[in-house]
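Spelled out, the chains give:
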Amino acid sequence: MSQTSPTPKPSDADPPALAVSLTVNGTRHDVTLDPRVTLLDALREHLHLTGTKKGCDHGQCGACTVLVDGTRILSCLTLTVMHAGQHVTTVEGLGTPDALHPLQAAFVQHDAFQCGYCTPGQLCSSLGALDELARGVPSHVTADLNDVTFSADEVRERLSGNLCRCAAYPNIIAAVTDVHAAQGAQAAP
Amino acid sequence: MRAFTYERARTPQAASHATLPAGAKFIAGGTNLLDLMKLDIERPTHLVDLGDLNLRAITGTRDGGLHVGALVTNTELASHPRVKTEYGVLSRAILAGASGQIRNKATTGGNLLQRARCPYFYDTNLPCNKREPGSGCAALTGLSRPLAVIGTSDACIAQHPSDMAVALRVLDATVNTVRPDGRERALTLDGLYRLPGDTPHLETTLEPGELITGVTLPPPVAGTHVYRKVRDRASYAFALVSVAAILNGKAARFAFGGVAPRPWRVEEAEGVSVDTAPGRRASAVIDRAFEGARPTAQNAFKLPLLRGTLTAVLESAHGGQA
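Chains as they are written, first to last, in this note's numbering: chain A, 1 to 189; chain B, 1001 to 1322.
Facing chain A, a subset of chain B residues (Cβ under 7 angstroms, in silico): (1) 1003; (2) 1005; (3) 1006; (4) 1031; (5) 1035; (6) 1049; (7) 1099; (8) 1100; (9) 1105; (10) 1236.
None of these hints come from the bench; they were simulated from the model. Yeah, the Cβ is synthetic: ideal placement off N, Cα and C, and Gly gets one too.
Build the full structure now, drawing on both the sequences and the hints.
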């Protein structure tokens, strides 16, 4: 090799902070942060949007699920600097106490939570999953990969990455099913 | 998490060159790497983000196959119209793995390079030759139930965790790479993955800085495509065993997951006992493909489980074709 890049020094000293712009719930934020800051920590500790929850911080529980450019991902397993210029939606961007998102209203109506800690992740994950279903993204339980249809089994499989220690699963499925039915009614001519 | 510096690469070759310094690593989806960095198992001093590279396309090849860019997400690959229709085993394998959120972020290249899920690799208080070369293997005499039964060594019995890679192996996919000097090459999956031997920390044959740019699928293989995964819970769990199969009359291909340090396929086993009943045929295939297996007392169940799983695959495909 004729060229050599400088070898980064192994060090536990703080690396240089990096400037990142991202849009969260429609508002643009310019932040300067350590490259180690996960998207989850940026939301909670830098932007003080504490709706998104830190459960396991290792991608096993789904509590930190957010939508990035409309797609659900785990905010604990991604760095903020990887998302420059992207649009993030958190639970704070779904509805307000006075004007709940239909899925939030369905969670209340169906008693789809007890302690509520997993709920922001369940909400964002459910919205992402409903969108994936509508776009024909198949799942492990889809019988025909080219014919994706809504069912309780599909919801169970698609939300398997969101744990609920209170085990409100049947009620979560009922809430998501209601919202899916309402979406279908709206879409019908 | 330890400190690292960060840059975004503009071209594959620039990315390849940027990771030449010791301690530098690529990051694509990050779903495995960041977990391991938080646990102090991966300790990169410099991350080269591949996110801006133009490696997100799935395109037809001249011979009728398919080229999949390294940054295509697992969801995109499993949902692609041609993959669903012509490479069903690949869609099925991907959808059997991880969760929706992870499949939305994890990439094709990253899936291939994910690290072992051995509990001793993850526990930094215990010896692991893969994590700390020369420290020993606590799994050999420990909780080995999920681990490999063949292709292992006295230094390591970790199994490869990917479902996707098992389907790619049965499809005879090749892995495309570029090296820091711009030279490209194509590797089979057996050419990509090393068996552990006495160097289990070296998992692939990739050279320093070598970047996976994509995966090439040969023209579709006709037949019934099946991926059957057996695990401890119905969703979001790694395989105890899995079978990727393409069945077309007497012709058959089988690759096995959850049982070896890489997707396990023995072509010579595929033609045995094709005229016998599914159970006998499955036994003959497994006996041949797993000749020399060295299971532990805790994971010896994987061989009969694999026989039963392959029998079920053969029976269902037979029923489906009747």
